[in-house]
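**Q** Sequence:
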Amino acid sequence: MSDKEKNSEEVEETFSAESEENESAKDEETVEEINEEGVQPVSEVEDLKTQLSEMEDNYLRASAEITNMNNRFRNERETLQKYRSQDLGKKLLPALDNLERAVATEVEGEQNENLKKGVEMTLESLRSAMQEEGIEEIPAQGEIFDPTMHQAVQSVPATEDQPAETVVEVLQKGYKLYDRVLRASMVVVAQ
Numbered sequence: 001m002s003d004k005e006k007n008s009e010e011v012e013e014t015f016s017a018e019s020e021e022n023e024s025a026k027d028e029e030t031v032e033e034i035n036e037e038g039v040q041p042v043s044e045v046e047d048l049k050t051q052l053s054e055m056e057d058n059y060l061r062a063s064a065e066i067t068n069m070n071n072r073f074r075n076e077r078e079t080l081q082k083y084r085s086q087d088l089g090k091k092l093l094p095a096l097d098n099l100e101r102a103v104a105t106e107v108e109g110e111q112n113e114n115l116k117k118g119v120e121m122t123l124e125s126l127r128s129a130m131q132e133e134g135i136e137e138i139p140a141q142g143e144i145f146d147p148t149m150h151q152a153v154q155s156v157p158a159t160e161d162q163p164a165e166t167v168v169e170v171l172q173k174g175y176k177l178y179d180r181v182l183r184a185s186m187v188v189v190a191q
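Residue numbering for the sequence shown follows full-length UniProt numbering, beginning at 1 and increasing consecutively.
Check before you lean on any hint, since a few could be wrong.
[Stated by the list, open to error] Beta-carbon label-pair distances, calculated as ranges:
id : residue 1 : residue 2 : range
1  : LEU171    : LYS116    : 17 to 27 Å
2  : GLN151    : LEU88     : 15 to 25 Å
3  : GLN86     : ASN112    : 29 to 39 Å
4  : GLN151    : ALA102    : 37 to 47 Å
5  : GLU110    : GLU160    : 38 to 48 Å
6  : ARG127    : ALA152    : 38 to 48 Å
Treat the hints as calculated values from the structure; they're not laboratory data.
Every residue gets a Cβ at the ideal spot worked out from N, C-alpha and C, and that includes glycine.
Taking the hints into account, I'd like the entire structure generated from these sequences.
**A** Written out as structure tokens, the structure is:
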């Protein structure tokens, strides 16, 4: 080999070695720069994963809260719809009582009988309308006394025909709207 070729190979090897050293130095500088900036790729990824997990958890909680609110609002609407007649029903009960008293009276004469029939028809219409709205009479006569449905205003001694804790007489009818008591039955109870 000629001197030229030898020199050329030596220059290439030197250049090659210097290039590798320069690249290695550049890589080290880059790593040093990253470390100097405080960026640690692994911990940054872990932080991002933690943040993502927290955001997903917050999203799921918010979604569940919205679902619960919607269910609560739907239930409230259904309850309001179901018991919408409660106030009107309470106000109509005295009129119903008066119509029942009017029908219970004895009348004489054809004109009075016709008037009584008109009151009976009005009473039946009112009962029918109340029943359509879910208002019904609370059974009391002969039933076991239930303090949630009956109000004892008097007691009498128990007999064979009238066992203890039995409703003997109804002084005023009670009414309920579905499962809510509008007015408790006023009753006489055997003790």
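**Q** Hints first: check each against the structure and report whether it holds.
**A** Hints versus structure:
1. LEU171 / LYS116: 17 to 27 Å: holds (23 Å)
2. GLN151 / LEU88: 15 to 25 Å: holds (22 Å)
3. GLN86 / ASN112: 29 to 39 Å: Holds - the Cβ-Cβ distance for GLN86 and ASN112, about 36 Å, lies within 29 to 39 Å.
4. GLN151 / ALA102: 37 to 47 Å: Taking Cβ atoms as reference, GLN151 and ALA102 lie about 24 Å apart, which means the hint is violated.
5. GLU110 / GLU160: 38 to 48 Å: holds (46 Å)
6. ARG127 / ALA152: 38 to 48 Å: The hinted range 38 to 48 Å is violated for ARG127 and ALA152, with Cβ atoms some 26 Å apart.
Comparing the model with each numbered hint stated earlier shows that hints 4, 6 do not hold.
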